[in-house]
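Colleague: My request is simple: use the sequences and hints to build the entire structure.
2 protein chains.
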Amino acid sequence: MKKNWLVFFMFLSVVANAQKDLRPNIIVFLVDDMGVMDNSVPFCDSIMPLNKRFHTPNMEQMAREGMKFVNAYAQPVCTPSRVSMLTGMNAARTRVTSWTSPVKDDNTDVADSQFAPLDWNLNGLNPYESVPNMVNATPFPQLLKQAGYYTIHVGKAHWGSMGTPAASPYNMGFMVNISGHSGGHPQSYLSEQRYGNMPGKSQPQAVPDLEEYYDTGIFLTEALTREAIRAMETPIARNEPFYLNMAHYAVHLPIMADPRFVQKYYNAGLDSLEAQYASLIEGMDKSLGDIMKFLKEKKVENNTVIIFMSDNGGFDRRDKNINTHNAPFRSGKGSVYEGGIREPMIVKWPGMIASASINRSNVIIEDLFPTVLSIAGITRPKIIQKTDGVSLVPIFKNPQAILKDRLLIFHYPNKSASLKEEELLGINYYSALRYNNWKLLYRMRTQQFELYDLGKDIREVNNLAASHKTEVRRLAVLLGKALKDRNAQMPVSKATGKPVPFPDEIF
Amino acid sequence: MKKNWLVFFMFLSVVANAQKDLRPNIIVFLVDDMGVMDNSVPFCDSIMPLNKRFHTPNMEQMAREGMKFVNAYAQPVCTPSRVSMLTGMNAARTRVTSWTSPVKDDNTDVADSQFAPLDWNLNGLNPYESVPNMVNATPFPQLLKQAGYYTIHVGKAHWGSMGTPAASPYNMGFMVNISGHSGGHPQSYLSEQRYGNMPGKSQPQAVPDLEEYYDTGIFLTEALTREAIRAMETPIARNEPFYLNMAHYAVHLPIMADPRFVQKYYNAGLDSLEAQYASLIEGMDKSLGDIMKFLKEKKVENNTVIIFMSDNGGFDRRDKNINTHNAPFRSGKGSVYEGGIREPMIVKWPGMIASASINRSNVIIEDLFPTVLSIAGITRPKIIQKTDGVSLVPIFKNPQAILKDRLLIFHYPNKSASLKEEELLGINYYSALRYNNWKLLYRMRTQQFELYDLGKDIREVNNLAASHKTEVRRLAVLLGKALKDRNAQMPVSKATGKPVPFPDEIF
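Read top to bottom, the protein sequences are chains A and B. All you need for my numbering is the position in the first sequence, starting with 1, plus 267. All you need for my numbering is the position in the second sequence, starting with 1, plus 267.
Calculated from the structure, these hints are not laboratory results. Hints may contain errors.
For identical chains, the list gives no copy identity; a pair is met inside one copy or between any two copies.
[Stated by the list, open to error] Cut-off 27 Å, straight-line C-alpha distance, at most; resulting in silico cross-link-like pairs (DSS-like, lysine-lysine):
hint	residue 1	residue 2
1	Lys671	Lys736
2	Lys287	Lys649
3	Lys566	Lys649
4	Lys736	Lys664
5	Lys565	Lys649
6	Lys671	Lys553
7	Lys531	Lys671
8	Lys687	Lys563
9	Lys765	Lys751
10	Lys587	Lys565
11	Lys765	Lys649
12	Lys560	Lys468
13	Lys751	Lys687
14	Lys687	Lys560
Quick caveat, the model's predicted, so the values are computed rather than measured.
Modeller: Have a look at this one:
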């Protein structure tokens, strides 16, 4: 009998271990409308003036402890990036190419004299069925939930419109939802204004779910952080792995002072609006710090991956100094120039990613789909869509590894604003390709190209299109084929009734 | 080795079983403001006219399959009942004796010429800390969550005010919250009115979280049902036991027609408002049916306990025919007469509760606290409050068992409405005791008693106080001691500055 008991106890020990789920926790810390320069971490090769303006000590700490991606991208506006992240599909493929309205069937595009209204997927993402004006795809939180992850969404969702499944994070596979809905920005950051929910005054952008914080003086960013921390306590107590979609409303308009931090920026002599903006940034950074501190206190820091990112470039038209807020990068939110698509991205994974490492690969927001699934050990997900993202897990382990010859596709066949300067800003009716150090822009309105060598000209001021016609043609073919492969939409001319030719078709 | 392998495989089998959590799922299906007569299940000894007016086939089915409680009670208004249910404390003890305002520190009591404003716990339930005007207690969903239950809240919460933890079901231990907040009724039942969330029109009672259903024509009751069903899918898929707090906003004011059912009642010749009310009832009943059907489809029906209840009596002043809407019971919501406190209660627990059984015990809403915990196998909960409820599990198993000599305490030292008829209706400044078949009312305003023998006089028309003075005195002592034991509040006279004496103190 003695031997039997030995086996028995050995088995007991196996069972006890099996009950502790060792899969890593995953946090995507997604900021809204934050530009790549809106922080004190240098994402360029040297420290730039804007890096000195902003104070983000917790991002600095994260960069010291993890890997900084200095060529990370998203789409020029938020909903396309957010839907790409959840589905792994490029925006050209989702056809969710601009931001969705809270109101169903409401095209947010501005009317244009040259092009007819585009019939894009303006209601957003539908995980359940294929219906007009929505992309039908399996979002990764659904897969994580099925695999036993505890899935939490906190903050801005903005995957589509009211009256559709896109309006509720529960439909994306989240088990907990705090403040996510169809709204793309907060009506207010202030508890005194109940985040927009004042009787008789609230608009579709009033932030839901935070009644506990009304009139407490707690800024929106802080309220969301506290809710996220509270929500993480449950899976930690249960030894279940969790996924947290920490999607701040900050730093989107309306720019409002975070009272905890703004005085410092007034004192530094910043313009009033810019001081308020900087306070929004520092409030967001404090949230990152609070979450990292919480993970440490709970002793799960070493088994938690944090991916920091933003969903598009910094909004560059907040005052008259356009083309300066993402300097040295050109333009801002809405643009396919670097200022509109380049993102601050840092990944921390203790034991797996070397501290203070830098990776120069060209990566894009849809890469988060296979990356998150790979971290969770889901290698063959059952999904209905064709994806474009690639897992970054292999390059996490090797900072020198470069994803070579990747085609990063940016596609905006929409019109976001009536602007005289749209050509200067790279806004409305543009596609773009980043391929190694090359950057090709295709302006649909005029069917003209611009070509930049980002290895030498990160400001995109030296257009090489006229002098490098062979290169333009080669890249135009790559871009055109990629767009067609993704079944991309092109705007249709009112005059001819024909769509704009794909970039490879105009030679 | 052969024997070792036998042990090994035996153990494997034990492990496999252990991984399937066999604790029962629990659903409390709590209707708002539904009177005991607002359905087609007879809770009196015979079928009453109102039982013929309403159509609730799914309640009938539940009664056929479970146990009907014909002497079930709650407090006269909603927040006290809801807080008692979550904490196991009688309302006299919680000092949450009337409904809470969505606005913090806002006393919903009406001013009175005789009594000073009462300093009750008007902000509701605080699970975290002891602060003024809130009761500090451990809600049972918190205990269920800690024990590994998947806890879901859907619908009306109303445990307290905005700006306090009471405003969020997450603070009560719920992992999922859909539409629960500080509001005590829906601004609208209609998707076309976005359940109240119309831009520029929404009030604190606008129902949160249902943007997916806006403008879809889906009635509030149906939307909540679909969300509840969706939420239950997760724990069922994971083999985790769940608790669902299915707390409908129906059938509270504003009375609005559920378009799926209202025509039938118009055709039956009902007054317009009553037809609409009956449609609200039948929509609620359809929800019950949908949930039971879902449990059956998922093959968890036999391991799921459903407790059906309401939180106070039917609102009796919805038109001029007061004292008729809960007939044969006297008065309605707000009153300590039977019409204000008697509840429809049915419990279904396949294999544990005999079908079509009836239990005559006097039970009250705080009994749900120990009952739910007992069903979940939590026998020694770690809680901070002293409780008053008793577990009903022992009597589930025996329909004939009677909880004898229980003191059911109703306490309303508040003023809910300016009414000339307050004495007739038993509203404002009343305490009451049910003790076996006796019912004692204590009117604080006049310090007078009423005594009824409910065994013979269910309508409470034959006041025996004058003829049964010894009985009045005996019961007044029981009521007075119970109130003092619960540290109950009494209103304070403006003239004398002294509180109304407890019932045992006036002899």
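Colleague: Each of the hints needs a verdict: does it hold here or not?
Modeller: Results of checking the hints against the structure:
For a Cα distance limit of 27 Å, the shortest separation of Lys671 from Lys736 inside one copy, 23 Å, qualifies, whereas the shortest one across copies, 96 Å, does not. In the homo-oligomer, the alpha carbons of Lys287 and Lys649 lie at most 27 Å apart both inside one protomer (25 Å) and across protomers (24 Å), since each shortest distance falls under that limit. Taking the shortest Cα distances, Lys566 and Lys649 sit within 27 Å of each other only across copies (25 Å), while inside one copy they are farther apart (33 Å). Proximity of Lys736 and Lys664 under a CA criterion of 27 Å is satisfied in neither setting, with 38 Å inside one chain copy and 87 Å between copies.
In the homo-oligomer, the alpha carbons of Lys565 and Lys649 lie at most 27 Å apart only across protomers (22 Å), although the nearest pairing inside one protomer, at 33 Å, exceeds that limit. Proximity of Lys671 and Lys553 under a CA criterion of 27 Å is satisfied in neither setting, with 35 Å inside one chain copy and 59 Å between copies. Taking CA atoms no more than 27 Å apart as the test, Lys531 paired with Lys671 passes in neither setting, with 43 Å inside one copy and 69 Å between copies. Neither within a single protomer nor between protomers do Lys687 and Lys563 lie at most 27 Å apart by alpha-carbon distance, with minima of 51 Å and 62 Å respectively.
In this assembly of identical chains, the alpha carbons of Lys765 and Lys751 lie at most 27 Å apart only when taken from the same copy (16 Å versus 84 Å across copies). In this assembly of identical chains, Lys587 and Lys565 lie within 27 Å of each other by CA distance neither inside one copy nor across copies; the values are 46 Å within and 60 Å between. In this assembly of identical chains, the alpha carbons of Lys765 and Lys649 never lie at most 27 Å apart, being 38 Å within a copy and 71 Å across copies at closest. Taking the closest pair of Cα atoms, Lys560 and Lys468 never come within 27 Å of each other, the shortest separation being 37 Å inside a single copy and 41 Å across copies.
Taking CA atoms no more than 27 Å apart as the test, Lys751 paired with Lys687 passes in neither setting, with 30 Å inside one copy and 77 Å between copies. Taking the shortest Cα distances, Lys687 and Lys560 never come within 27 Å of each other, neither inside one copy (47 Å) nor across copies (60 Å).
The structure fails hints 4, 6, 7, 8, 10, 11, 12, 13 and 14 (numbered hints given earlier, in ascending order).
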